[in-house]
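Throw the hints in and build the complete structure from the sequences for me.
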Amino acid sequence: MKQNLQHIGLFMGILLLFVISTSMVCSAGVNGIGITTIEITPQPAEPGNDVTLKIRVINEGVKSIEDFSVKIDIKYPFYLKSESKNFENKRTLSVGSSIDNTYYLTVDSNASSGIYPIEFDVYVDDVILNPSDNNVYVQIIGKPDLTIKTDAIDKISPGYTFPLQLSVKNVGTGIAKNIKISSESENVLILGSNIELINKIMPTETSQTELNFIVKNDQDPDAYQFPVKLEYIDEQGNNYTSTYNIGINILNRAEIGIQSIKITPTQITPLDEVHIAGIIENTGNGDARQVLVQLTTEEGNYKSFVGQLKSDDDAPFYFDLNPGSAGKKNFNLTISYSDDFDSHEVHHTIPVEVNRPKSNLIFTLALIAIIAGSVIYLVLKKRQVKNGQE
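1 is the number of the first residue of the sequence shown in my numbering; add one for each residue after it.
To be clear, the hints were calculated from the coordinates, so they are not data collected in a lab.
Beta carbons: idealized from backbone N, C-alpha and C, even for Gly.
Treat each hint with caution, since some may be false.
Stated by the list, open to error - Each computed DMTMM-like pair below joins lysine to aspartate or glutamate, with the alpha-carbon atoms no more than 25 Å apart:
id, residue 1, residue 2
1, Lys-149, Asp-67
2, Lys-200, Asp-108
3, Lys-149, Glu-186
4, Lys-90, Asp-108
5, Lys-216, Asp-108
As the list claims (entries may be wrong) - Distance ranges between label pairs, derived from CB positions:
id, residue 1, residue 2, range
6, Met-202, Val-346, 45 to 55 Å
7, Tyr-76, Lys-200, 18 to 28 Å
8, Asp-151, Asn-332, 32 to 42 Å
9, Glu-210, Glu-60, 57 to 67 Å
10, Val-346, Asp-320, 18 to 28 Å
11, Ser-82, Lys-180, 41 to 51 Å
12, Asp-73, Lys-180, 17 to 27 Å
13, Arg-289, Lys-177, 44 to 54 Å
Right under this line is the structure:
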């Protein structure tokens with residue numbers, strides 16, 4: 001029994017080997033067709049230009065191939081203009097023989113950089129029997145073209161920084177690499193090294209970047225266009241430079257602050273009249289208009305109108321007021337003004353402590369009031385007696 005099983009196993013092994021060998025022979029016969037690229041001119045190709053492609057089909061098998069034909073499968077970004085021979089006519093290709101064909105193609109003008117396949121379909125007896133790799137690969141290198149878009153910029157003041165959103169888009173067909181963004185203006189600079197770097201931007205892609213610019217202090221207010229330069233290279237190391245003007249509106253800005261405040265008396269009681277004297281100053285580069293200083297306390301509101309305050313000027317303000325009841329309290333000071341940008345308010349708190357009158361002071365005041373009342377009473381009494389005698 002055991003010997004019979006061994007004979008059966010040996011027979012199955014021989015049968016399997018026969019099947020595999022037969023398959024390999026058939027496969028060799030089918031896959032004996034090889035496609036070789038002889039010429040691609042130019043290489044790399046450029047969008048919008050022509051490409052000459054020459055290929056060779058070889059019978060590398062062990063038998064002749066009957067009713068043999070080859071069809072080119074043209075896909076974007078290529079267009080077939082013409083060819084030297086018609087591979088689509090059926091023919092016999094004997095063992096070891098080959099046949100060449102030349103194709104004249106055009107590359108689409110909008111094709112992006114990349115490696116594109118051109119496929120060839122091999123037919124035997126109208127049955128497609130393609131080799132393992134029946135593609136020819138053509139490299140296309142386009143030319144990059146960068147453009148800039150920005151958000152609207154308005155109301156910038158000399159000496160101030162402002163963020164700027166830049167959208168750098170590659171509207172070309174090639175890859176832009178090592179992109180440098182710099183300001184060409186002497187008065188509007190990029191903070192830091194004045195250069196922003198972007199590694200690369202693929203065709204049709206957009207790179208978003210935010211840069212912080214600063215306007216020099218001595219820049220006169222006006223509408224300006226400052227240039228931003230783009231420098232970059234393509235895949236072959238060719239250099240490109242382009243400049244774009246960005247509009248900006250520089251305006252004057254006022255900066256109102258309190259230079260000093262003095263309060264008298266230094267020790268305040270509810271019986272005192274408080275005198276507040278202060279000085280405001282404009283440290284900005286623009287004029288402040290309609291300047292008004294207001295003081296708000298528990299007892300009421302007080303106003304001091306200053307009017308216009310030019311750059312680097314100062315002006316005094318005064319308030320005389322009743323401090324109110326004893327205790328710790330805050331007097332609220334508000335400075336309102338307008339400049340080229342808008343209306344503004346500056347708030348300042350003045351802490352004040354109103355002390356209770358001392359007891360001897362109250363006694364003295366009461367004694368004075370009693371004495372004064374007594375004197376008045378005696379004078380009136382004396383007049384009444386005198387009038388009665390008369």
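query: Given the hint that Lys-216 pairs with Asp-108, does the C-alpha gap stay at or below 25 Å?
result: 48 Å, violated
field: Straight-line alpha-carbon gap Lys-90 to Asp-108, limit 25 Å
entry: Judged against 25 Å, a Cα distance of about 31 Å means the pair is violated.
C-beta pair Met-202, Val-346: status relative to the range 45 to 55 Å that was hinted: 51 Å, holds
message: Holds or violated: the 41 to 51 Å window for the beta-carbon distance between Ser-82 and Lys-180?
response: Since Ser-82 and Lys-180 have Cβ atoms about 45 Å apart, the given range 41 to 51 Å holds.
- prompt: Taking 25 Å as the top limit, are the C-alpha atoms of Lys-200 and Asp-108 close enough?
  reply: 23 Å, holds
query: Okay, Arg-289 versus Lys-177 on CB: inside 44 to 54 Å?
result: 52 Å, holds
field: Range hint compliance [Cβ, Tyr-76 to Lys-200, 18 to 28 Å]
entry: For Tyr-76 and Lys-200 the Cβ distance comes to about 24 Å; the hint holds.
query: When you check the alpha-carbon spacing of Lys-149 and Asp-67, does it fall within 25 Å?
result: 60 Å, violated
query: Within 57 to 67 Å or not, the Cβ separation of Glu-210 and Glu-60?
result: At roughly 60 Å between Cβ atoms, Glu-60 and Glu-210 fall inside 57 to 67 Å, so the hint holds.
task: Confirm or reject the claim that Asp-151 and Asn-332 have a C-beta distance inside 32 to 42 Å.
output: 38 Å Cβ-Cβ, so the 32 to 42 Å window holds.
Straight-line alpha-carbon gap Lys-149 to Glu-186, limit 25 Å: 21 Å, holds
- prompt: Per the hint of 18 to 28 Å, is the separation of the Cβ atoms of Val-346 and Asp-320 within bounds?
  reply: 22 Å, holds
Against the hints set out earlier in the document, violations occur for numbers 1, 4, 5 and 12.
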